[in-house]
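Sequences are here, hints too, so could you generate the full structure?
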Amino acid sequence: MSQDIEHVKCLIIGSGPAGYTAAIYASRADLKPVMYTGMLAGGQLTQTTDVENFPGYPNGIMGPEMMEDFRKQAERLGTDIRFGYVSSVDFSSLPHKVVVDEVKTILADTVIVSTGASAKWLGLESEQKYSGFGVSACAVCDGFFFKGQDVAIVGAGDTAAEEATYLAKLARKVYMIVRRDEFRASKAMVHRVLNTPNIEILYNTETTEILGDGQSVTGVKVCNNVTNETTQLDVTGFFVAIGHKPNTDIFQGWLNMDSTGYIITRPGSTETNVEGVFCCGDAQDHIYRQAVTAAGTGCMAAIDAERYLAAKEHVVTA
Numbered sequence: 016m017s018q019d020i021e022h023v024k025c026l027i028i029g030s031g032p033a034g035y036t037a038a039i040y041a042s043r044a045d046l047k048p049v050m051y052t053g054m055l056a057g058g059q060l061t062q063t064t065d066v067e068n069f070p071g072y073p074n075g076i077m078g079p080e081m082m083e084d085f086r087k088q089a090e091r092l093g094t095d096i097r098f099g100y101v102s103s104v105d106f107s108s109l110p111h112k113v114v115v116d117e118v119k120t121i122l123a124d125t126v127i128v129s130t131g132a133s134a135k136w137l138g139l140e141s142e143q144k145y146s147g148f149g150v151s152a153c154a155v156c157d158g159f160f161f162k163g164q165d166v167a168i169v170g171a172g173d174t175a176a177e178e179a180t181y182l183a184k185l186a187r188k189v190y191m192i193v194r195r196d197e198f199r200a201s202k203a204m205v206h207r208v209l210n211t212p213n214i215e216i217l218y219n220t221e222t223t224e225i226l227g228d229g230q231s232v233t234g235v236k237v238c239n240n241v242t243n244e245t246t247q248l249d250v251t252g253f254f255v256a257i258g259h260k261p262n263t264d265i266f267q268g269w270l271n272m273d274s275t276g277y278i279i280t281r282p283g284s285t286e287t288n289v290e291g292v293f294c295c296g297d298a299q300d301h302i303y304r305q306a307v308t309a310a311g312t313g314c315m316a317a318i319d320a321e322r323y324l325a326a327k328e329h330v331v332t333a
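Here the working numbering is used: the first residue of the sequence shown is 16, the next is one more, and so on.
Read the hints as simulated data drawn from the structure, not as lab findings. Just so it is clear, CB atoms sit at the ideal spot from N, CA and C, and this is done for glycine as well. Don't take every hint at face value.
[Unchecked claim] Under the rule of at most 25 Å between Cα atoms (straight-line distance), these lysine-lysine pairs were calculated in the DSS-like manner: (1) K236 x K135; (2) K260 x K144; (3) K188 x K202; (4) K112 x K24; (5) K47 x K144; (6) K87 x K24; (7) K24 x K119; (8) K202 x K135; (9) K47 x K260; (10) K236 x K144; (11) K162 x K144; (12) K162 x K184; (13) K119 x K162; (14) K112 x K327; (15) K327 x K24; (16) K144 x K188; (17) K188 x K236; (18) K202 x K184; (19) K162 x K188; (20) K135 x K112; (21) K162 x K236; (22) K47 x K119; (23) K135 x K260.
[Claimed, not checked] The following label-pair restraints were derived from C-beta to C-beta distances: (24) F160 x I302: 41 to 51 Å; (25) G138 x T245: 16 to 26 Å; (26) K202 x H22: 25 to 35 Å; (27) G163 x A203: 22 to 32 Å; (28) E83 x G283: 11 to 21 Å; (29) I279 x E83: 29 to 39 Å; (30) S107 x Q230: 49 to 59 Å; (31) K119 x L209: 51 to 61 Å; (32) D273 x A203: 40 to 50 Å; (33) Y72 x S274: 33 to 43 Å; (34) D228 x E80: 42 to 52 Å; (35) H22 x Q267: 22 to 32 Å.
Set out below in structure tokens:
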């Protein structure tokens, strides 16, 4: 049994921009980090195509390629990167106990959580078929590619309203598909949408199919759920803004979270409510959700972990 137990200074749970950046900084601080990538090594960016808003890539880069660059840099600096998922945690004592793949136990002096979040989708087969080829869950990331074109966005909350107005600055026309006869967004956001001339709101409307030519989106089929009338929208971009779900279920009961599952960190820090456990990236950020902000908090988490360990090593006793 002892061979299935390993003690590490710094354990990073999850990859992606936050996890890999934390790994880079932790490696340089000689924390000898061990990373478990999760089932989707590289995170959400491995499911995107062109990334044009990350600094340092003047010609843009494909999401999977960028994550491969991050991984190589972390490995070169000494991170032990392993494919696997964390099945349970026990943060009741130090070192923290983390079980991987239900069989291996890691005892970690510090834990950096960078498990990210997953976009909620409508569940259409055609939606997944054209994901990254006209279908997107991030207007800020991909709106640029649809300058002067017609697009559609589905959602009725603050995020959908904000992304619709963002898209309206770039696209020729934005169809906003709202399932009910009203918004869930705040009055201020609804007012902003209603006062944007190139946004057309389709109330009581649901998406039934994303249309395409096999390579990219060419339209969207929608249905009015009151009249049952079916309409085809000629659009080249389809944005889903019905929310994100943070990948934090295994930390329930250990780490403080908000009502939707985002881990709460101390303002200006990546510290959680548990000593020696830090959180970065989309697992704790429901506002920005960008690769560059995730990388920034990954840097913060590694520095916070290094300073925590340094303070523990230099405790002055009376």
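If you check each hint against the structure, which ones fail? Checked against the structure, the hints that fail are numbers 5, 9, 13, 20, 24, 26, 28, 32 and 34, while the rest are satisfied.
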